[in-house]
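Assemble chain X with the ligands onto chain Z, guided by the hints.
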Amino acid sequence: MTGTEIARDRKAAVSARALSKTFGQGEFAVTALDSVELDIFENEFFTLLGPSGCGKTTLLRLIAGFELPTHGSIALQGQDITDKPPHRRPINTVFQNYALFPHMTVAENIGFGLRMLGKPAAEIRQTTERMLALVQLEAMAGRRMDQLSGGQQQRVALARALAPAPKVLLLDEPLAALDLKLRKNMQLELKSLQAETGITFVFVTHDQEEALTMSDRIAVMKSGKILQTGTPRDIYDRPTHRFVADFIGDINILEGTLEHTDGDLARVRLKDGTRVSAHLGTASARSGEVSVAIRPENVRLAGAAEAPTLTGVLETIVYFGAATNLHLRLGTGEEIVVRNPGAVDEGRYQPGATIGAVLQPELIRVLE
Amino acid sequence: MSDREAQTALAAAIAQNRRNERLTRAWLLAPALTLILAISILPLAITVVYSFLTPGTYGGVTWEFSTDSYVQFLFQRDIFDDSLVFNSAYVSIFLRSIGLALGATLGALILGFPTAYFIATKPREQRNIWLFLITLPFWTNLLIRTYAMLLIIRDEGLINIMLMKAGIISSPLTILYTDTAVFIGLIYSFLPFMVLPIYASLEKLDFSLVEAGYDLYANRLKVLFHVIVPLAKPGIVAGCILVFIPGLGAYITPELLGGGKKLMIGNMIAMQFGASRNWPFGSAAALILMALVILVLLANALAARKGASRNG
Ligand SMILES: Nc1ncnc2c1ncn2[C@@H]1O[C@H](COP(=O)(O)OP(=O)(O)OP(=O)(O)O)[C@@H](O)[C@H]1O
Ligand SMILES: [Mg+2]
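One line per chain: the protein sequences are Z and X, in this order.
Once you know that position 319 of the first sequence is 319 in this note's numbering, the rest is easy, because the numbers rise by one and skip nothing.
Count along the second sequence from 1, then add 368; that gives the number in this note's numbering.
Here chain Z stands alone, though its shape is the one from the complex (with noise of 0.2 Å):
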């Protein structure tokens, strides 16, 4: 299924047009997004995966209203919300320092957005507490900002976010902030609450393991540019660019020549000769040079019997556990990454040994 029949399937929630954001002028101009296309779906976890100064943040805040595109549009739900200041945009933002109001309780903070909508004084305290009971947090109703831990005002913020029932929410790293064992916790949590409350959530994160475990559909993007919008899957087995490739897990990536195509099929010379097949997905080559990868995990040691895709001289061998990573260097200079599961043999694999490898064909692919 290609992007737009998924799109003419699912109506967006948020969806960006030609959208750019120049900061400054003249010389010191920073373009912090660059002709962004993005749809994203209602009830959909969607999160911006990208290194940082990519304009994650910049896109969030256009989406939220906090700033002005230079061009280009976006809308809600099919209308135009471009030119609407924050307050009127049914968005809310988990912000990445929380921007918790200290001079509120708990319970303050969370009604804030229906006071400010003057929804009546009841349904404002009754939502309260179904947030407060939401998110765990019933007995702190009264505190005030600074009598909370870290992952406590985490949780203030998410509720006070989803209390006005929000047509989207918007998180910029929302879990940046915490340790590692309560980050997992909040992972699910957010999670969990997303299924829950049926709201668009879209996550901004620089975490790639972070965006392969919480999203439904993930855009990577770099330097202003969206470079590949996918389920976590298509990232992480269809990798279309080599920084996507790069950027999510490891890869190997190998040079080669495109000889033909047949279809989505390519026949790709290695630069050792060997000829394989490798899928184009999205690739635009023809012929000529380019880049084909394929994860550790797809590229098993060859057995006894078995003839090797490629060989090369086992340089270094990384045990980690559930696999044992296996660094080959090959004839023509270029490293490749062998993932066993388990351990191996440590008499037959030794440094300076040479070992087959095969790599399996339906999983190679050719980069942009």
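What the hints contain is simulated information worked out from the structure, not anything from laboratory work.
Keep in mind it's a predicted model, so treat the numbers as computed, not measured.
Don't take each hint at face value.
Unchecked claim - In silico lysine-lysine, DSS-like type, Cα no more than 30 Å apart, as pairs: (1) Z:167 - X:601; (2) X:601 - Z:119; (3) X:601 - X:533; (4) Z:11 - Z:191.
Stated by the list, open to error - Just a few of them, taken from the derived set where beta-carbon distance is under 7 Å, the chain X residues facing chain Z: (5) 547; (6) 576; (7) 577; (8) 580; (9) 583; (10) 584; (11) 585; (12) 586; (13) 587; (14) 590; (15) 676.
Glycine included, C-beta positions come from ideal geometry on N, C-alpha and C.
Okay, now just chain X with the ligands, sitting in the frame of chain Z:
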């Protein structure tokens, strides 16, 4: 040396050391203490003593104990039967002064808050220029500045000329020598005391809280009153105190712009040491003013304590 002896020796040494330290501390504190005594406590003590003496005929005091000065503040002695009759003259001067000072405080707040906000939201490198401009008037004597203000608001002054040229009024407004003039003068004199503390608290304000306000459906006005003002409250309170207190005791402004016709406490006190030659009563009035100021500060401290305990 046995352990015991060593311990005793050590204890003695420590005690000696402490004594030395105490002595050093006393010497180090001496200059500051002397200064405080000389410039703060002593004049105050003299004022207290004088307020309980009898006025001398040509000014000064005669050393005769009397509480008349305090009685005089509220009552008038009947010339015929020596009975006390309530006299509202001084109380009303106090009330007028409090009213004017409160009004000036409110005016300075209304002008000062937006000014402070304006400066606090400028880029950091520009803020110092604006702050410099705010403090610029302090480089000139208040007396001179008040005379300048007099030139601006008098009948043929800048304001009237401009309003008449613009055709808004046909005959000059009489501002000078009215309460309005005193009011304008007080705001003008003490505005920087309002702007600076508010700026200090706004400058520390985390702007993401303002964004959180907008994000949670508050419009500009609601963000101002639900987020910005509460967070700037310490600065606002400090500014109000810093304007109200000197405003209450102002002397030059009401003297020049009020024409000395409408007295404020400051002028009334000054008069007792001049034309009225009633030093004890002047002293008593000054102390009553001070008591008033202390009450205001006390109320503020109490409110702050209550706020703090609410915050835990
Ligand atoms: N207000 C601003 N003025 C000027 N440049 C800005 C501004 N905000 C962001 N930028 C620039 O835009 C680019 C994108 O910034 P952005 O904050 O969106 O990155 P990010 O992906 O959120 O990074 P991080 O993971 O570090 O938070 C950066 O180069 C940044 O320096
Ligand atoms: Mg960011």
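Here's how the hints hold up against the structure:
1. A threshold of 30 Å between alpha carbons decides the hint, and for residue 167 of chain Z with residue 601 of chain X the separation of about 34 Å lies outside it, so the pair is violated.
2. Between the alpha carbons of residue 601 of chain X and residue 119 of chain Z the distance comes to roughly 27 Å, so the proposed pair stays at or under 30 Å and holds.
3. Taking the CA atoms of residue 601 of chain X and residue 533 of chain X, the gap is near 42 Å; set against the 30 Å cutoff, the hint is violated.
4. Taking the CA atoms of residue 11 of chain Z and residue 191 of chain Z, the gap is near 21 Å; set against the 30 Å cutoff, the hint holds.
5. With a cut of 7 Å, the hint placing residue 547 of chain X at the interface with chain Z is violated, because the nearest CB-to-CB distance is about 37 Å.
6. At about 4 Å, the closest approach between the beta carbon of residue 576 of chain X and any beta carbon in chain Z falls short of 7 Å, and the interface hint on this residue holds.
7. The closest approach between the C-beta of residue 577 of chain X and any C-beta of chain Z is roughly 5 Å, which is under the 7 Å cut-off, so the hint is satisfied.
8. The interface hint given for residue 580 of chain X is met, as the beta carbon of that residue sits about 4 Å from the closest beta carbon of chain Z, less than 7 Å.
9. Residue-level restraint check for residue 583 of chain X holds (minimum Cβ-Cβ distance to chain Z is 5 Å; threshold 7 Å).
10. Hint status for residue 584 of chain X relative to chain Z: holds, with the closest Cβ pair at about 4 Å, below 7 Å.
11. Annotation: residue 585 of chain X was flagged as interfacial toward chain Z, and the flag holds, the nearest CB pair being 4 Å apart, inside 7 Å.
12. For residue 586 of chain X, the shortest C-beta to C-beta distance to chain Z is roughly 4 Å, which falls under 7 Å, so the interface hint holds.
13. Interface hint status for residue 587 of chain X: upheld, as the beta-carbon distance to the closest one in chain Z is roughly 5 Å, under 7 Å.
14. Below 7 Å, beta-carbon pairs count as interface contacts, and residue 590 of chain X has one with chain Z at about 6 Å; its hint therefore holds.
15. Interface hint at residue 676 of chain X: violated, since its Cβ lies 11 Å from the closest Cβ of chain Z, which is beyond the 7 Å cut-off.
Comparing the model with each numbered hint stated earlier shows that hints 1, 3, 5, 15 do not hold.
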